[in-house]
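Protein sequences, first through last, are from chains C and E. In terms of my numbering, the first sequence is residues 3 to 582. In terms of my numbering, the second sequence is residues 4 to 791.
There could be a bad hint or two in this list.
[Unchecked claim] For each label pair, taking beta carbons as the anchor points, the in silico distance ranges come out as:
1) E/122 <-> C/52: 46 to 52 Å
2) E/621 <-> C/418: 57 to 63 Å
3) C/52 <-> E/388: 53 to 59 Å
4) C/421 <-> E/642: 56 to 62 Å
5) C/41 <-> E/122: 36 to 42 Å
6) C/33 <-> E/640: 35 to 41 Å
7) C/55 <-> E/640: 25 to 31 Å
8) E/681 <-> C/421: 55 to 61 Å
9) C/37 <-> E/178: 30 to 36 Å
10) E/536 <-> C/30: 42 to 48 Å
[What the hints assert, rightly or not] Here are the simulated BS3-like cross-link-like pairs (lysine-lysine), alpha carbons at most 25 Å apart as the crow flies:
11) C/520 <-> E/493
12) E/493 <-> C/445
13) C/563 <-> C/553
What the hints contain is simulated information worked out from the structure, not anything from laboratory work. The structure displayed is predicted, hence computed values, not measured ones. Glycine included, every Cβ here is placed at the ideal spot set by N, Cα and C.
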Amino acid sequence: MSAIEAVYIFDEHNNLLLSHTYTGRPSPPSVLLPLYLQHAAPRSSVLYFPALNPSTVLYSIIQDNLLFFSPSSGTDTGEPLLVLEFLHRVADALEEFLGSPLLASKIAGNYDVVAQILAEIADAGVVCQGEANALRDVVETGPGVLNNLLGKVGLPGNASVPGLSGGGGGSLGIGGSGGLQRPGSGISSLQPAQTAQGSAIPWRRSNVRHTSNELYVDIVETLSVTLAPSGRPLAAFAYGSIAFTSKVSGVPDLLLSLSTGGKGAGMGHRGDQLRSVMERTVFHPCVRLARWKSEGVLSFVPPDGRFALCGYEVELLGADTPLTAGKNAYSSLGLPAGVEVTTGLGTSGNDFEVRLTQPTNAGGAGSAAAASLQSNLGGGGGLGSRPSSFRAGAAGSGDSKGPSLENLVVRVPLPTAVRNVTELRPSKGEAHWSPVDGCVEWKVAAKDFGPMGAVLRCTIQGPLAADSDDAGAVMNGLTATTYDYNDDEPSAYQASEKTEKHSNGVSVPVSREAKVAKSRELMPTSSTLSFGVKGWLASGLKVESLLLDNKKSRGLGQEVKPYKGVKYLTVSREGIEVRC
Amino acid sequence: MESLSRISSLLETARDLTLEASASLPSRRPIKPLPPVQIKKLLDSRSERDVLDGLRRVIAMQYAQPPQPTLTFFPAVLKTLSNPYPSTRPLVYNYLIHHAELDPDTALLSINTVQKSLSDQNPRVRAMALKTMAGIRVPVISQIVSLAIKKGVSDLSPLVRKAAALACVKCVRLDETTRPQVEEYLAVLLGDKQYYVAGAAVQAFVEVCGTDGKLEMIHPCYRRLCRMVVDMDEWGQLAWLRLGTVYARRCFPRRTKRTKRVQTREQQAKDFYEDLEPREEEEQETEYDEQEVMDQDLTLFLTSIQPLLQSRNSAVILAVTKAYLYLSPATYLQHAIGPLIALLRSPQDIQQVALHNIVQVCLVHPQHFVPYQRHFLLKSTEPSDIRGLKLEILTLIFPFCSKEIQNLVLAELEHFSRSPDPSLVRESVRAIGRCAQSPNIATSRRCMTLLLNQIHSSDHNLVGEAMEVIRHLIQRTPNEHRKTVVRLAKNLDHLTSPTARASIVWLVGEFAGLDIGEGVAADVLRILLKGYVGEEEGVRAQIMLLAAKVYLGWLNSRKNTNGNDGAVDGGNADTGLISSGTNDDGEDRGFREERAVSEIEKPQPIELLWQHTLLLARYTPSYHLRDRARLYRALLSTPSSTELASLLLLAPKPVPQAPSPSEARRDYLLGSTSLIVGEGLRSVDSLPDWIEEGKEPDSGVRDEGEVRQEYGGKVEGAKEVSAGQRLDEVLATKKGKTLDAWLNDEEESEDESGSEDATSEEGTEGSSDEESEYESESDDDEQAGLVR
């Protein structure tokens, strides 16, 4: 009934890479792809093709430039979310085995592994195993395959592809090459995949062995902030995810406590505070919900390798912030950068100015931040520092001292009527106008971005028809000057101009107004700001401790103290939007 | 919704670089195609490595695009089954399943070997063999498969039992006649103590029997499944949610109890009985409150699925919402709103589906979403369908919001109505129009003002859209907007948008005083006719229509006066006009009188206008317009008979409805594909109605009597022991066990704490008894299974 009929995977050029049929006789990929491509570019993830026989519903996702299809033509077209989640799980599982990012060549080179994954993840179309890590027990990668793969996957830099090292996820790439110096991740001894007994824990493969035991917590928050033209925030959310990497032998039982960093104080005990900050949480099935409910801690037996432990969102404005909150509400969000747009500048109103600012945080700013970097962020002091329970050895560049801002990009989408952007004058960084996307992109290097902020001024040109007036004006000006030149009496010209101005005192502003009104249509209506901050979370959450319960854990020596690492990252992917 | 690949894409900032770097990455093996002969040689080799290599090549050929013929290797591949290597087996099985249908005879040769593996010592091998055997699509072997499943059902390893459950689906697909046997197996598996076997069994049941068949199989394990659902995997949970929702509709009649309301302490009572249905109007009419009386078992189901709202799987969250929405919206739905909002964090493909479903819930219960209005603010980077859905939600919750939020929403809509994207402009202007339908007069005035301001914009598209919406609003309450129409008519002087002009002309024709003879309409027509040549076709059509209406109105009034005259004294037109004017107010009469005097001498100006219009229309290039002009001319050719024309031209227009765009999808089931696609797909996913009172199966069928008897004495002590204590106990007693067995216990006790949590609200002793029975029993079971 709600069975998955088939999975088709296409590469970035829409060439079929793989087709796996589970059940029935679904429409072939060669039929579906043209129909899919007929739809306009942001394609819906659920499409219905009534013209096909049998009429088919096509579910699709795009992951890592690969296009995943799952057609459904049965009498019951099932639940869309089930199929979409399934496709995401397939992508996750492929990534677990083949490394991230998923590439067409990796799939093409490992058809045997991919085929087994697909066969195991759903049995005759009934989804039966969504847990990538548990698949490790059943998918036969064969002797030597992993080593072979490891040897060749090596990429430059420390930010290597989390390949199959340690039989699981692998190191996370955000540290950058100069970032975290994690102790050489020991390659776990690879035992034959088929173990006699099924793992007792559905999400963890059995018989995990690692020579060095490591635990990493990576908390990533994505910002979604909307600012009104006046600059006051309308909505501000941080969407957080905790990615956990566990490379510990046996079956560890972990306890992760987070703290709110002062937010939500006075809300009762710690767990309540935490829950008031982390809203609408979702958890990996391994998390014991009862402990979270009662104590606000995450207690779990992790899968091996890397997995998404938890997702949450934080309302940065606070639910009780009045809507009429002033402009300073933005700086109270504590974000490292802000952006303001002023439109309709210049004589004919076809200039606009983008101002990249550093909101001054009343509390933390002004401290002797030697570098011009983030005085306000560093002012928090403890914001990015590691809790004492973690070994200090893994201090990265952007971690303990002060959070580091990077990849500052402002995008200003312009209406399609804009023909050209004639002038781009950034005070810092680089700006360019791309006619294809119809937007101005301005990149500012983090080191250039000081407390003074930066300014970009642009002049735009409208469509040709609207330009004719301007041309006329230029003509007039030209004739006037030639006349003056011939006359050889500049002073007289100036005088005459003055008188003209006086006499036409009423009409001049009117024509300017008309011009401004005309160019108002060409003005941007919004702009977005993207950046990344390492070592800092917008929500102020912190990992307080990560304990390995030696008593409850199994298969781990008493004296084993796994290496632990924590990383924070706040990302804005066009997440801060200013209206204007 | 939490997908690891999404997080890693966030983490890898230099992703593009990586992509480039690894594009040049050498693949695992050199894809040097070998000739078939050589592959065969590899397959026949004695070395495991060679065989494996050969198999990999075959599989790669099978999946390669375009696929290469691999059927020729069938015998050679099957021969490798006799090898003792475990590593080759999955690949051989994969090949076998893929090719069995193409060459059934050869496939049958392998059955024996596979069957032998069914009694292998290793449970994983047994499970795999069972899975493969059921997957071979050769109908002849259906009985063998059925037997294999039977054996698997009683297997000691839960792994094999899970495989057996899934094999049931394939067996029925293979041969419909095995259904009775398979249903027997499923009945056993549904009662399995191991949660992931039960989960798979539920999936198989839904697949084999559908959600509407054979409820008697569910009765005995209903309560246990309710308690186990927290621990099942997500896919089992989904199947159970689907099944449970239908089951509840078919087994628990909807009972409502009318309780007399305590009038003096109304508020107090309300606070106390949180689950009272908030039906304000009804309460005022009657002295009674309607209260849902829920069957205890239904409550068990609804509370047991509540922890699933924190699942990472968006489909599960939605399925729980669906259960709450269709089973008990008053009591439980509010718990599901937050998690639904959480779905907006997920990747865009899921986000879109989630929004469709949120709209669906919002149509029925908008008030729940008011606190979350900030989540529905639009982003300029979103694709248009997501923006449309968000706008719809904003307008749906608009009437329930406080004034501040309403201002915010209107400002938002105004901002986006100035966007360069025409579709977004249309959406947001229409959204303003929907907001204007609010019963609050002040709000709807504000919206109207907002729209009226828009028509001065230089954006044609915006003006046209705004005018369209204004027209709808005026049509709804024409009497309030008489002056507005006049004011709009003034705008005709400088308005350039053709659609807007057409709308205004139409409005003038419809509402600007046709009934009082020559109101503004005639004058507007006069002015418009001067510029007729410069108008667009749409506007010309409207002008012509206006002319026809004005002329008709004039004819009618003249006829009336003539008629009146005849009745009075048959005198001249002068007195007739005056007498007709008595219906109107004095000022008007004076105007008419003056006019009427002049009418005598020369041809009527309106008549002239009409003639002129017809002349203009006759030489219009558009034959459509000429055609229409001919129609009107014919209609109005005889001044004395205007009944037909009045019927056609002055018919009262139906008030246009501007329902929420998703209103049309209201009947589709939450979470269904039809809802997203917007078309009723032929699907069986509609919920049955609540069963009638008295027809439901007896609640006794859900008793788990035997279990209680069997273990009744044992659990008394364990009843109030906390999870931690239990764990310690277990630790103390079970020192010498294997790791896996120990872990299983650990798992079980954890499960218990989870399920306890789920059922704690219920708080009946009986259920917690049963629960611990289930725990202890499965402990033993597992131990037995795993130590061996």
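Against the structure, the hints come out as follows:
1. E/122 <-> C/52: 46 to 52 Å: 50 Å, holds
2. E/621 <-> C/418: 57 to 63 Å: For residue 621 of chain E and residue 418 of chain C the Cβ distance comes to about 41 Å; the hint is violated.
3. C/52 <-> E/388: 53 to 59 Å: 19 Å, violated
4. C/421 <-> E/642: 56 to 62 Å: Given a distance of about 57 Å, which is inside 56 to 62 Å, the answer is holds.
5. C/41 <-> E/122: 36 to 42 Å: 53 Å, violated
6. C/33 <-> E/640: 35 to 41 Å: 59 Å, violated
7. C/55 <-> E/640: 25 to 31 Å: 55 Å, violated
8. E/681 <-> C/421: 55 to 61 Å: 38 Å, violated
9. C/37 <-> E/178: 30 to 36 Å: 34 Å, holds
10. E/536 <-> C/30: 42 to 48 Å: 58 Å, violated
11. C/520 <-> E/493: 23 Å, holds
12. E/493 <-> C/445: Since the Cα atoms of residue 493 of chain E and residue 445 of chain C sit roughly 50 Å apart, the hinted pair is violated (cutoff 25 Å).
13. C/563 <-> C/553: 13 Å, holds
Of the numbered hints listed earlier, those contradicted by the structure are 2, 3, 5, 6, 7, 8, 10 and 12.
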